[in-house]
Amino acid sequence: MAQLISRLRVWRGAVLLLAGLYFLVPMAASVWFSIDDVDGISFDAYTGLLSAPGFTDSLVLTLELAAVTVVVLLLLLVPAMIAVRIGASRLRPVLEVVCTLPLVVPPVALTAGLIGVLRWGPDHLMDTPFFQTFVFVQQPGFPLVLVVAYVLMALPLAHRALDSGLRAVDVRTLVEAARNCGAGWPRAVLSVVVPNLRGALLSAAFLTLALVLGEFTTASILGYQPFAVWIYSVGNSRGQMSVAVSVLSLLITWVLLLLLAAAGRERRHRTTATS
Amino acid sequence: MSTATLPLAGDTAPSTSATVEFRSLRRQFGATTALDGLDLTVRPGELLALLGPSGCGKTTALRILAGFETHDSGEVLVDGEDITRVPAHRRDAGMVFQSYSLFPHLTAADNVAFGLRMRGVGKAERLRRAQELLELVGLPQRAAHYPHQLSGGQQQRIALARALALQPRVLLLDEPLSALDAKVRLALREEIRRLQQELGITTLFVTHDQEEALSMADRVAVLRAGRLEQCAAPSELYSRPTTAFVAEFVGTMSRLPCTRTADGGVEVLGRRHPVDGALPADGPLHVLVRPEHVRLAPAAEGPALVVAAAFLGAVTRLTVRLPDGTEVKSDLPTEAAAALPLGSPAALTLPDRPVLVDRAPTPQP
Chain A
1 MAQLISRLRV WRGAVLLLAG LYFLVPMAAS VWFSIDDVDG ISFDAYTGLL
51 SAPGFTDSLV LTLELAAVTV VVLLLLLVPA MIAVRIGASR LRPVLEVVCT
101 LPLVVPPVAL TAGLIGVLRW GPDHLMDTPF FQTFVFVQQP GFPLVLVVAY
151 VLMALPLAHR ALDSGLRAVD VRTLVEAARN CGAGWPRAVL SVVVPNLRGA
201 LLSAAFLTLA LVLGEFTTAS ILGYQPFAVW IYSVGNSRGQ MSVAVSVLSL
251 LITWVLLLLL AAAGRERRHR TTATS
Chain B
1 MSTATLPLAG DTAPSTSATV EFRSLRRQFG ATTALDGLDL TVRPGELLAL
51 LGPSGCGKTT ALRILAGFET HDSGEVLVDG EDITRVPAHR RDAGMVFQSY
101 SLFPHLTAAD NVAFGLRMRG VGKAERLRRA QELLELVGLP QRAAHYPHQL
151 SGGQQQRIAL ARALALQPRV LLLDEPLSAL DAKVRLALRE EIRRLQQELG
201 ITTLFVTHDQ EEALSMADRV AVLRAGRLEQ CAAPSELYSR PTTAFVAEFV
251 GTMSRLPCTR TADGGVEVLG RRHPVDGALP ADGPLHVLVR PEHVRLAPAA
301 EGPALVVAAA FLGAVTRLTV RLPDGTEVKS DLPTEAAAAL PLGSPAALTL
351 PDRPVLVDRA PTPQP
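Residue numbers (full-length UniProt numbering), protein chains in the order written: chain A, 1 to 275; chain B, 1 to 365.
Keep in mind that the hints were calculated from the coordinates and are not lab data. The beta carbon of each residue, even a glycine, is placed where N, CA and C say it ideally should be. Fair warning: there could be bad hints in the mix.
Stated by the list, open to error - Rough simulated footprint, nothing fancy, chain A against chain B, three-plus residues with beta-carbon under 8 Å: (1) 60-72; (2) 110-123; (3) 160-174.
Said to hold, decoys possible - For each label pair, taking beta carbons as the anchor points, the in silico distance ranges come out as: (4) Pro106(A) with Gln131(B): 57 to 63 Å; (5) Pro140(B) with Val10(A): 55 to 61 Å; (6) Thr253(A) with Ala144(B): 35 to 41 Å; (7) Ser164(A) with Thr252(B): 44 to 50 Å; (8) Pro186(A) with Arg85(B): 17 to 23 Å; (9) Leu312(B) with Leu8(A): 50 to 56 Å; (10) Thr217(A) with Asp72(B): 53 to 59 Å; (11) Val98(A) with Glu75(B): 40 to 46 Å; (12) Arg198(A) with Gln149(B): 16 to 22 Å.
Use the sequences and the hints to build the structure in full.
Quick look at the structure:
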């Protein structure tokens with residue numbers, strides 16, 4: 001028995017090592033490539049980032065797009081999922097299918113559809129107020145059309161995160177208890193359900209942020225230049241810098257993940273500290 | 001936002017105890033009839049238990065009163081006022097739920113004070129009130145604890161304190177003890193009854209546990225298929241059930257075949273008995289008897305045979321089988337039951353009192 005356990009330990013170590021190498025070797029190679037110089041080691045690729053043309057603009061645009069996408073997505077999804085859970089549980093599978101649908105639609109197909117709509121709109125709505133809407137959503141300063149696309153793409157991820165959060169809470173009883181204590185519907189949801197979905201909301205927000213940070217296809221085809229597109233364009237002229245940016249964006253994602261985990265840990269600490 | 005109008009100066013009792021009336025209440029869920037013309041009145045300050053098997057409509061009635069369900073027809077009156085159109089958050093009814101319903105992100109004190117917060121009561125005042133209520137339910141030292149740090153019994157006590165915080169006119173208890181273990185259930189049962197009597201609050205208590213209903217309630221309303229079978233004090237319900245359903249649902253009953261006599265009585269075990277209530281017009285009949293009313297004695301010639309014995313403490317419940325296969329239960333003092341071991345023959349007699357008679361159930365194919 002002891003021999004079997006020690007053999008299992010060896011195998012477990014080997015698998016962990018292989019998985020670790022699988023992830024770490026390409027990253028280490030990327031880091032090495034970004035700092036390797038003919039004269040030894042140089043951090044020029046990193047120090048030159050801030051002054052690189054388009055870096056700040058594309059990063060700010062991406063973060064703004066991510067923030068608006070997260071807000072729109074949560075405002076759409078959270079009330080819908082709570083309403084379905086409380087009042088129309090038979091619609092749950094329908095909502096699940098609708099939210100999972102973007103998984104099976106490739107971003108290229110989604111973008112082609114968007115382009116079709118964007119072309120059709122101005123042709124047919126020229127004399128209506130909707131024409132200006134089409135112009136407005138495509139302005140280069142803040143292309144709202146990307147938010148629309150990102151909301152659709154992030155639906156499956158956000159739905160999964162929120163669904164697991166809602167499964168852990170007896171939403172109906174909590175809302176009824178709150179209403180019994182004198183809270184109207186909106187207050188019951190905001191003061192009782194939403195605080196108990198904190199972890200799920202953070203997960204949904206983080207996954208959406210990660211998706212927007214790395215999304216390339218739609219933004220590139222529609223002709224905008226958020227961060228991922230900028231990295232690609234820099235890669236064509238300044239290879240080292242584009243890899244440095246990729247490493248940095250990876251680090252940003254990890255930092256966000258750690259912050260999320262820390263937020264969850266802090267909450268657990270706060271609740272156990274009182275026991 | 002509304003301001004607090006509650007008498008908060010250390011007064012926990014509700015300002016008035018309300019009368020609750022259900023009038024011809026009907027509720028249909030698809031093909032299922034949950035309530036089929038329920039008529040029931042809960043008197044001011046009494047604890048009325050709604051008792052019945054699963055699906056009899058007791059929880060539906062409670063949820064309609066709380067405002068969480070709607071009814072198809074009929075009326076729900078509180079102090080004579082129809083509350084059908086009053087939303088749940090304005091019904092002035094505190095409720096304790098079956099499942100632990102404390103808000104997980106709030107401490108015990110914040111849970112209790114939640115309703116006061118919704119009414120715009122200041123923080124200092126509501127925390128003072130919450131502390132008062134926590135003392136009332138015996139948990140002042142748990143004020144800063146979160147629900148997951150409390151036991152099931154403690155959570156239900158906090159839920160009770162939360163339900164009482166707004167000094168409601170009616171207290172609704174939806175099987176609040178069913179998720180607790182037996183010992184805690186017993187303690188909390190007494191605690192709820194003590195508080196209810198102290199505060200004199202009109203209380204509607206839903207349960208499927210007859211022992212719970214009989215031990216706690218001023219009156220028990222037995223429901224069956226959405227209709228009221230009988231509403232009476234526990235002792236009356238037990239000793240004078242008006243229907244066979246009530247008799248068999250409340251307490252234990254044995255059925256014995258009997259025949260009609262010419263004078264409107266029945267003959268059972270070779271003796272004539274008067275009938276309590278109406279005698280079914282036709283069909284084979286059964287007499288319903290409680291175990292404590294069946295007398296057993298050792299008898300070498302039978303006709304009954306002891307087939308089972310269950311030790312219940314001071315009494316032992318013996319099951320005897322008659323030659324026709326009928327099984328009858330009898331409660332005997334444990335010392336007397338020792339004279340009737342398993343397999344021994346016994347004679348049984350019924351007391352000379354009116355007996356409840358019901359139509360014999362149709363045998364299942």
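Which numbered hints turn out to be false for this structure?
Every hint satisfied by this model.
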